[in-house]
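Trainee: The lines below spell out each chain.
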Amino acid sequence: MRTQVDLQLSNIKKGDMESLGLLYDLTNKQLFGLCYTYFKSKEKSEDALSEAYLKIVKEIQKFDGKKGFNWMYTITKNICLNRLKEDTRYTINEYNDDMQNEYIEDEKNDEASTIVEIANKVLDNKEYKILILHAMYDYKFKDIAKIVGGLETTTRWQYNNALKKVRKEYENYEK
Amino acid sequence: MKTMKNKDIEKILSNSSDLAPSKELKDKVIKECTPYIPEAKEKRSYFPLRRVMAFAAVFVFLFASLFSGLGLYNEKYESVYIDVNPSVELVVNRFNIINEVNYIGDDALQAYSNVKLKGKNIEDGLDVIMETLYNKGYFNEAEMYISVSSQRGEKAEKLLNNLVEKAEKNKKNKGYSVNINKEKFSNEEKSEAKKYNISPAKYKLIKEIIEYDDNYTMEDLKNNSMKNLKDIHGKGPGRKPNK
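Chains as they are written, first to last, in my numbering: chain G, 382 to 556; chain C, 787 to 1029.
Think of the hints as simulated: they come from the structure by calculation, not from any bench.
Watch out, some of these pointers could steer you wrong.
Think about it this way: if two alpha-carbon atoms lie no more than 27 angstroms apart in a straight line, the pair counts; the simulated DSSO-like pairs of lysine-lysine are [said to hold, decoys possible]:
| no. | chain 1 | residue 1 | chain 2 | residue 2 |
| --- | --- | --- | --- | --- |
| 1 | C | 812 | G | 395 |
| 2 | C | 981 | C | 958 |
| 3 | G | 421 | C | 812 |
| 4 | C | 862 | C | 812 |
| 5 | C | 957 | C | 981 |
| 6 | C | 958 | C | 902 |
| 7 | G | 436 | C | 814 |
| 8 | G | 421 | C | 960 |
| 9 | C | 812 | G | 425 |
| 10 | G | 410 | C | 814 |
| 11 | C | 809 | G | 458 |
| 12 | C | 904 | C | 817 |
| 13 | G | 549 | G | 439 |
| 14 | G | 425 | C | 981 |
| 15 | G | 458 | C | 812 |
| 16 | G | 395 | C | 952 |
| 17 | C | 812 | G | 448 |
| 18 | C | 906 | C | 817 |
| 19 | C | 809 | G | 410 |
| 20 | G | 394 | C | 817 |
| 21 | G | 546 | G | 527 |
| 22 | G | 546 | G | 523 |
| 23 | G | 439 | C | 993 |
| 24 | G | 425 | C | 952 |
| 25 | C | 1008 | C | 981 |
| 26 | C | 812 | G | 521 |
Simulated restraints on C-beta separations [as the list claims (entries may be wrong)]:
| no. | chain 1 | residue 1 | chain 2 | residue 2 | range |
| --- | --- | --- | --- | --- | --- |
| 27 | C | 809 | G | 527 | 25 to 33 angstroms |
| 28 | C | 835 | G | 521 | 44 to 52 angstroms |
| 29 | C | 835 | G | 397 | 27 to 35 angstroms |
| 30 | C | 810 | G | 445 | 27 to 35 angstroms |
| 31 | C | 839 | G | 406 | 43 to 51 angstroms |
| 32 | G | 406 | C | 837 | 37 to 45 angstroms |
| 33 | G | 498 | C | 810 | 23 to 31 angstroms |
| 34 | C | 808 | G | 445 | 31 to 39 angstroms |
Sample of chain C residues at the chain G side, in silico, Cβ under 8 angstroms [to be verified]:
| no. | residue |
| --- | --- |
| 35 | 805 |
| 36 | 814 |
| 37 | 815 |
| 38 | 822 |
| 39 | 891 |
Cβ atoms here follow ideal geometry from the backbone N, Cα and C, with glycine treated the same way.
Build the full structure now, drawing on both the sequences and the hints.
Mentor: Here is the structure:
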């Protein structure tokens, strides 16, 4: 997959528009997951993701041909951090009809939403990030370790620990 | 109480469309990014210096080869003598192409006047000569001698053997009534033969006859056919040299 990302980035650099769609298909899930760990909001994550792709294309000439996904990840992360800094100036708990409807959309996702809410509630930021990135977005532990900082073995332990916490809380919730 | 396994959590989370970007986002991203995608670069239409130099080098090499080839083409490399009576000298270059034809005696000139030999490969030339001789009635229990004179002995030997083999093949295929002989001679014999305007093979045969019988002279025998000379020499089957 990583090699494909490098290829599509190189093609975009040469002016191939079609490669943008392919690049999006290859990377959107992982980068969205990264954004979600920061914002815990689908809407905000999509905004950040959209801005990330725009910046990637604007700065495509800086891409040196290798480790493309890592390059895209860094851009996305910096956008998320910058947006978080701006967001802290405003009230986070904004309410509007659209946000309400997002969670009523699909009954099948109720349980998933519950789990995510529980995870958000019982886990600290790092544990939450590790859980979402691995369970939801298939990030490998060694990559997550680089993101959150620390060793791979430690990250793996933190993941299992986070799962235990969420499971315990979920079971209490079901009672 | 419901228990939840790790796999359950992971499966639920991974199947949650709520935690994935919407399908509309892709169109939005592409629309927003399109104006910023760099223009496709056109292929530069230049002639790289390296290619030019490589091309020039090849051209010079071919040109030089051609020139040197022309020199080699006209080089007198070997002489092939075909003696029946008439006798002819075919001078070939190193590519075995006939680049000079010397008719030895008036009968040779008469026999081969309408035959184009120059420019032919020596083996093709041999085919033509044999066919001509046959058509003109020279192949009637005749003796044909093939000899080669060369600066390089090994090459002469090889060419000679090839020509004899070729002649034998022609004889068999076309039913020519001719006996094929091969002969070698020294440079001295070659230069002496020139004085008498005969082929080296003929000179050598006559010389051997004279050694056996000094009643003969070069002038007496030089106009004889190879068959007659061979008969006199005694090399025919069952014959001994006359003394």
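Trainee: The structure should be examined with respect to each hint, and the outcome stated for every one.
Mentor: Against the structure, the hints come out as follows:
1. Restraint check for residue 812 of chain C and residue 395 of chain G: the C-alpha separation of about 21 angstroms stays at or below 27 angstroms, so the hint holds.
2. At roughly 36 angstroms between alpha-carbon atoms, residue 981 of chain C and residue 958 of chain C are farther apart than 27 angstroms, so this suggested pair is violated.
3. Pair hint residue 421 of chain G plus residue 812 of chain C holds up; C-alpha atoms about 20 angstroms apart against a cutoff of 27 angstroms.
4. Note on residue 862 of chain C and residue 812 of chain C: the hinted pairing is violated, with a Cα-Cα distance of about 82 angstroms set against a maximum of 27 angstroms.
5. As the CA atoms of residue 957 of chain C and residue 981 of chain C are separated by approximately 32 angstroms, the hinted pair breaks the 27 angstroms bound.
6. A distance of roughly 24 angstroms separates the Cα atoms of residue 958 of chain C and residue 902 of chain C; the hinted pair therefore holds under the 27 angstroms criterion.
7. With a C-alpha separation of about 14 angstroms, the suggested pair residue 436 of chain G and residue 814 of chain C falls inside the 27 angstroms cut-off, and the hint holds.
8. Straight-line distance between C-alpha atoms of residue 421 of chain G and residue 960 of chain C comes to about 102 angstroms, which puts the hinted pair past the 27 angstroms bound.
9. With a CA separation close to 15 angstroms, the supplied pair residue 812 of chain C and residue 425 of chain G stays within the 27 angstroms bound.
10. Annotation: proposed proximity of residue 410 of chain G to residue 814 of chain C holds, straight-line Cα distance about 16 angstroms (limit 27 angstroms).
11. In summary, the hint linking residue 809 of chain C to residue 458 of chain G is supported, as the alpha carbons are separated by about 22 angstroms, within the 27 angstroms threshold.
12. Pair hint residue 904 of chain C plus residue 817 of chain C does not hold up; C-alpha atoms about 79 angstroms apart against a cutoff of 27 angstroms.
13. Under the criterion of a C-alpha separation no larger than 27 angstroms, the hint pairing residue 549 of chain G with residue 439 of chain G is inconsistent with the structure, at around 46 angstroms.
14. Among the hinted pairs, residue 425 of chain G with residue 981 of chain C is inconsistent with the structure: their alpha-carbon atoms are about 113 angstroms apart, more than 27 angstroms.
15. With a CA separation close to 19 angstroms, the supplied pair residue 458 of chain G and residue 812 of chain C stays within the 27 angstroms bound.
16. In summary, the hint linking residue 395 of chain G to residue 952 of chain C is not supported, as the alpha carbons are separated by about 67 angstroms, beyond the 27 angstroms threshold.
17. Note on residue 812 of chain C and residue 448 of chain G: the hinted pairing holds, with a Cα-Cα distance of about 23 angstroms set against a maximum of 27 angstroms.
18. Note on residue 906 of chain C and residue 817 of chain C: the hinted pairing is violated, with a Cα-Cα distance of about 76 angstroms set against a maximum of 27 angstroms.
19. Of the supplied pair hints, the one linking residue 809 of chain C and residue 410 of chain G holds, its CA atoms being roughly 11 angstroms apart against a limit of 27 angstroms.
20. Distance restraint check for residue 394 of chain G and residue 817 of chain C: the Cα-Cα separation of roughly 17 angstroms lies within the 27 angstroms cut-off, and the hinted pair is therefore satisfied.
21. Annotation: proposed proximity of residue 546 of chain G to residue 527 of chain G holds, straight-line Cα distance about 23 angstroms (limit 27 angstroms).
22. Restraint check for residue 546 of chain G and residue 523 of chain G: satisfied, since their Cα atoms lie roughly 22 angstroms apart, inside the 27 angstroms limit.
23. Straight-line distance between C-alpha atoms of residue 439 of chain G and residue 993 of chain C comes to about 101 angstroms, which puts the hinted pair past the 27 angstroms bound.
24. Among the hinted pairs, residue 425 of chain G with residue 952 of chain C is inconsistent with the structure: their alpha-carbon atoms are about 94 angstroms apart, more than 27 angstroms.
25. With a C-alpha separation of about 12 angstroms, the suggested pair residue 1008 of chain C and residue 981 of chain C falls inside the 27 angstroms cut-off, and the hint holds.
26. Distance hint between residue 812 of chain C and residue 521 of chain G is fulfilled; the C-alpha atoms sit about 25 angstroms from each other, no more than 27 angstroms.
27. Against the hinted window of 25 to 33 angstroms, the Cβ-Cβ separation of residue 809 of chain C and residue 527 of chain G comes to about 30 angstroms, which satisfies the hint.
28. For residue 835 of chain C paired with residue 521 of chain G, a C-beta distance near 49 angstroms keeps the hint of 44 to 52 angstroms intact.
29. For residue 835 of chain C and residue 397 of chain G, the Cβ-Cβ distance of about 30 angstroms falls inside the hinted range of 27 to 35 angstroms, so the restraint holds.
30. Checked against the given bound of 27 to 35 angstroms, the beta carbons of residue 810 of chain C and residue 445 of chain G, roughly 32 angstroms apart, stay inside it.
31. Here the CB-CB span from residue 839 of chain C to residue 406 of chain G is close to 46 angstroms, well matched to the stated 43 to 51 angstroms.
32. Between residue 406 of chain G and residue 837 of chain C the CB atoms are about 40 angstroms apart, so this pair conforms to the stated range of 37 to 45 angstroms.
33. Judged by the Cβ atoms, the range 23 to 31 angstroms given for residue 498 of chain G and residue 810 of chain C holds: they are separated by roughly 25 angstroms.
34. For the pair residue 808 of chain C and residue 445 of chain G, the supplied restraint of 31 to 39 angstroms holds, since their beta-carbon distance comes to about 32 angstroms.
35. Among the interface hints, the one on residue 805 of chain C holds; its C-beta lies about 6 angstroms from the nearest C-beta in chain G, closer than the 8 angstroms criterion.
36. The criterion of a C-beta within 8 angstroms of any C-beta in chain G is met by residue 814 of chain C, whose closest approach is roughly 6 angstroms, and the hint holds.
37. Nearest Cβ of chain G to the Cβ of residue 815 of chain C: about 5 angstroms, under the 8 angstroms cut. The hint holds.
38. With its C-beta approaching chain G no nearer than about 5 angstroms, residue 822 of chain C sits inside the 8 angstroms limit, and its interface hint holds.
39. Of the supplied interface hints, the one on residue 891 of chain C is violated, with its beta-carbon coming no nearer than about 81 angstroms to a beta-carbon of chain G, more than 8 angstroms.
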